Amino acid sequence: EDQVTQSPEALRLQEGESSSLNCSYTVSGLRGLFWYRQDPGKGPEFLFTLYSAGEEKEKERLKATLTKKESFLHITAPKPEDSATYLCAVQARRGGGADGLTFGKGTHLIIQP
Amino acid sequence: NAGVTQTPKFQVLKTGQSMTLQCAQDMNHEYMSWYRQDPGMGLRLIHYSVGAGITDQGEVPNGYNVSRSTTEDFPLRLLSAAPSQTSVYFCASRRANEKLFFGSGTQLSVL
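Protein chains in written order, with the numbering used here: chain A, 1 to 113; chain B, 1 to 111.
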């Protein structure tokens, strides 16, 4: 069974205080690992897809990295507008039309001015 | 470009009532799916479809029906609502093996 564990559950930072969110996973053959951002009352918004260990992707103050067991979302010098819940999901490499996406419970990030 | 559109945004039902949550996408995506999101739990897949006329069950399908008569629309039907179905429902779509695009959600309360 595919599993995704995100930590911490919640994180409060001061504006400009860099940190990292963790996503540990077990999956029978990884097709892709996804990071989404979710604001209150809205649907998840796509951030990154990582496909293989060692891959890194960046977008503004966010950088996602991937190893064979976990992914990190690094937030550099965050601003209050980065406050959101960050979701991690893995897609298994399996046949048929199954979605194969397993989501973690998310990390609720608050950036205080 | 509207993306994935869900209606209604909010709904209150009484136990035993039935209703349909609507979902439409204008991106010509072959794959569409329904998730529910509950506090303290990750998004869980209810039903999905890989194309018009083809649907299948996800992780938590009991109490829900779906159909896919067109590429654009994927409605979710609650046959006889129960308090356990109180949740936020998200519709999502994508092309094969690409990222999911989510709608803005329907907050459902069953009393």
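Hints were generated in silico from the structure; no laboratory data involved. Check each hint, because a few of them may be wrong.
Taking lysine-lysine pairs in the BS3-like style, the calculated list, with each CA pair at most 30 angstroms apart, reads [what the hints assert, rightly or not]:
#1 A:Lys59 x B:Lys99
#2 A:Lys68 x B:Lys99
#3 B:Lys14 x A:Lys63
#4 B:Lys99 x A:Lys105
#5 A:Lys105 x B:Lys9
#6 A:Lys68 x B:Lys9
#7 A:Lys79 x B:Lys14
#8 A:Lys42 x B:Lys14
Chain B stretches covered by chain A per the calculated footprint, using a threshold of three residues with CB under 8 angstroms from any CB of chain A [to be verified]:
#9 11–21
#10 41–54
Fair warning: this is a prediction, and the values are worked out from it, not measured in the lab. Note that beta-carbon positions come from the ideal geometry of N, C-alpha and C, so glycine has one too.
These are the hints, each one checked on the structure:
1. At roughly 16 angstroms between alpha-carbon atoms, lysine 59 of chain A and lysine 99 of chain B fall within 30 angstroms of each other, so this suggested pair holds.
2. About 20 angstroms separates the Cα atoms of lysine 68 of chain A and lysine 99 of chain B, which keeps this hinted pair within 30 angstroms; it holds.
3. The hinted pair formed by lysine 14 of chain B and lysine 63 of chain A fails the criterion: a straight-line CA distance of about 45 angstroms is larger than 30 angstroms.
4. Under the criterion of a C-alpha separation no larger than 30 angstroms, the hint pairing lysine 99 of chain B with lysine 105 of chain A is consistent with the structure, at around 19 angstroms.
5. For the given pair, lysine 105 of chain A sits about 22 angstroms from lysine 9 of chain B by alpha-carbon distance, which is consistent with the 30 angstroms threshold.
6. Taken as a hint, the lysine 68 of chain A and lysine 9 of chain B pair is broken in the structure, with Cα atoms around 39 angstroms apart against an allowance of 30 angstroms.
7. Annotation: proposed proximity of lysine 79 of chain A to lysine 14 of chain B is violated, straight-line Cα distance about 43 angstroms (limit 30 angstroms).
8. For the given pair, lysine 42 of chain A sits about 25 angstroms from lysine 14 of chain B by alpha-carbon distance, which is consistent with the 30 angstroms threshold.
9. Chain A is given as covering the region 11–21 of chain B, and this is violated because 0 residues of the stretch bring a CB closer than 8 angstroms to a CB of that chain, at least three being needed.
10. Counting residues of the region 41–54 of chain B whose CB falls under 8 angstroms from any CB of chain A gives 8; the rule of at least 3 is met.
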